[in-house]
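A.B. asks: Build the full structure now, drawing on both the sequences and the hints.
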Amino acid sequence: MSAAMLALEGVTKTFMAGTPNAVAALDRLDLALAAGDFVTVIGSNGAGKSTMLRAIVGLVEPEQGSIRLDGADITHEKVHRRAGAIGRIAQDPHESTCAVMSIEENLAMAAKRGQRRGLARAVTPALRERLRTELAAIGLGLEARLDARVGTLSGGQRQALALLMATLARPKLLLLDEHLASLDPKTAEAVMQLTDRLVREGALTTLMVTHNMHEAIRWGNRLVMMHAGRVVLDVAGADKAGLTVPGLVERFHEVSRETLSDDRVLLA
Amino acid sequence: MIQLQSILTSMAEQGLLFAFLGLGVLITFRFFRFPDLTAEGSYPLGGAVAASLLVVGVDPFAATAAAVAAGAGAGVATALIHTKLKINNIIAGIIVMTALYTVNLRVMGRANVSLLTAPSIYEDIVRWLNALGFGLRDGAMTTIAITAVLLVLVSIALAAFLRTDLGLAVRATGENETMIRSLGVDTDRTKMIGLAISNGAIALSGALVAQNHGFADIGMGIGILVTGAAAVLIGEAIFGDRSIARWIVAAIVGVLIYRLLVALALRVGMQPVDLKFVTAALLLAALAVPRLRVRLVGR
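Heads up: the protein sequence lines correspond to chains C and P, in order. If you're matching positions, the first sequence starts at 1 in this note's numbering and goes up one per residue. If you're matching positions, the second sequence starts at 269 in this note's numbering and goes up one per residue.
Source of the hints: derived by calculation from the structure; they are not laboratory data.
Within a straight-line C-alpha distance of at most 30 Å, the following computed DSSO-like cross-link-like pairs (lysine-lysine) qualify:
| hint | chain 1 | residue 1 | chain 2 | residue 2 |
| --- | --- | --- | --- | --- |
| 1 | C | 240 | C | 172 |
| 2 | C | 78 | P | 352 |
| 3 | C | 240 | C | 186 |
| 4 | C | 78 | C | 172 |
| 5 | C | 78 | P | 354 |
C.D. replies: Here you go:
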């Protein structure tokens, strides 16, 4: 396990614990990612996908288990303390960028990810040059609009900017929480191509949650299916390349029947 | 003509003294998006601390600096109650405002401290400049000139701060706290810094007003937040809210226009007891007019 970039062991999170409505969002979840892994995550609503990502960034605190990032235990570390090593993009473009601030100000904040912020000018000419280059590389023409407010951008442009913000400071881990879900198909494809390129260029260890089985099969080197707060299917390499959407749906139904017959009944 | 000139002079003098209040309220009301009622306590706190130190012979600059520090402390108290005890920010402001009423009475020892025989930073600056051969007289125009210079310095410092790495983090804290935390910023800290700067500026207004008016009074802060908010909104209705520089100019011009409207209201026969109603009407107008304009003109 020491070689793993990210290791979740026995992570458990119950919402509304101690009430009749208690929901086990994560149930003794085990998952390990090697450095450079690009893992896609699928599962039905309530399978625990988002809760897992939120536990990794620290927005949700597990009651049991441990989360280790590059060897360091971050299970109970505060959000802002672990943020230096983790980039995350949410489904809603409004969540990952700051609308009233300019493109360059947003990127300047992201360039300082996890570092101490002092009284030095944020957008220096040198930084502006670097941002122009980085923005030109994503090919949306944003390099000519550095001082435009992010609120004036389209949803796709905002998610592309969020991607650049998440990867600018080379985090150890990139978390994508259905980051294409609010985009139209054409824009989603463009943003996904960009995602794949940035992940490859940075050799970033990545977890991508998606509702789209086709996307989950097409991208990444490994696919994980979650159900009832646990990993129920974990496919990599050639096996993953051989997956089809109907095959995956079949596996999904098998798995949900199995867990329903043992775990759920035991818990109830 | 003479009457108009005296109205404008009074507007400029009182408006510039209140402009620091506008800058302070801008930070909480605009950037942090909540009405920080600490202002109702930190404004008279500035007046009380400055007055109490001036009457015992403390140097006017030191007394004014102490007032700013006390105001910043009040902001820190509100921030700590909000962030560490997880109490709603408006309630936290009300708690500190309420406590400050007693603090201000204790600091002054009574409800009103006269400064008519005490020195002020205005007298000190005039004396220094005259020693350099300027030949200034005490009066409204001198107060306007000195306050304007001080205001420009504070505005430049604030604008510069808001463009630093820390300043961006403070601005983003009010706008998108989840995002800025995910970039590694401790928002408990940025809230504390923002509230300290805001209430420090507001206390500076209180300290300068007390020295200009010749007294500090326990009731001087009543309704002050509404005044500041009205000024910020009036300025925004005119200048828009597109950049840091515009925001700061809008807050200052908003205060000046607010004072002008109040002076006009008094000239057309309204009594001082009517002023709170006028303030409420101005705040309502500043909020409603931009919305009506959108509806009518479609922008």
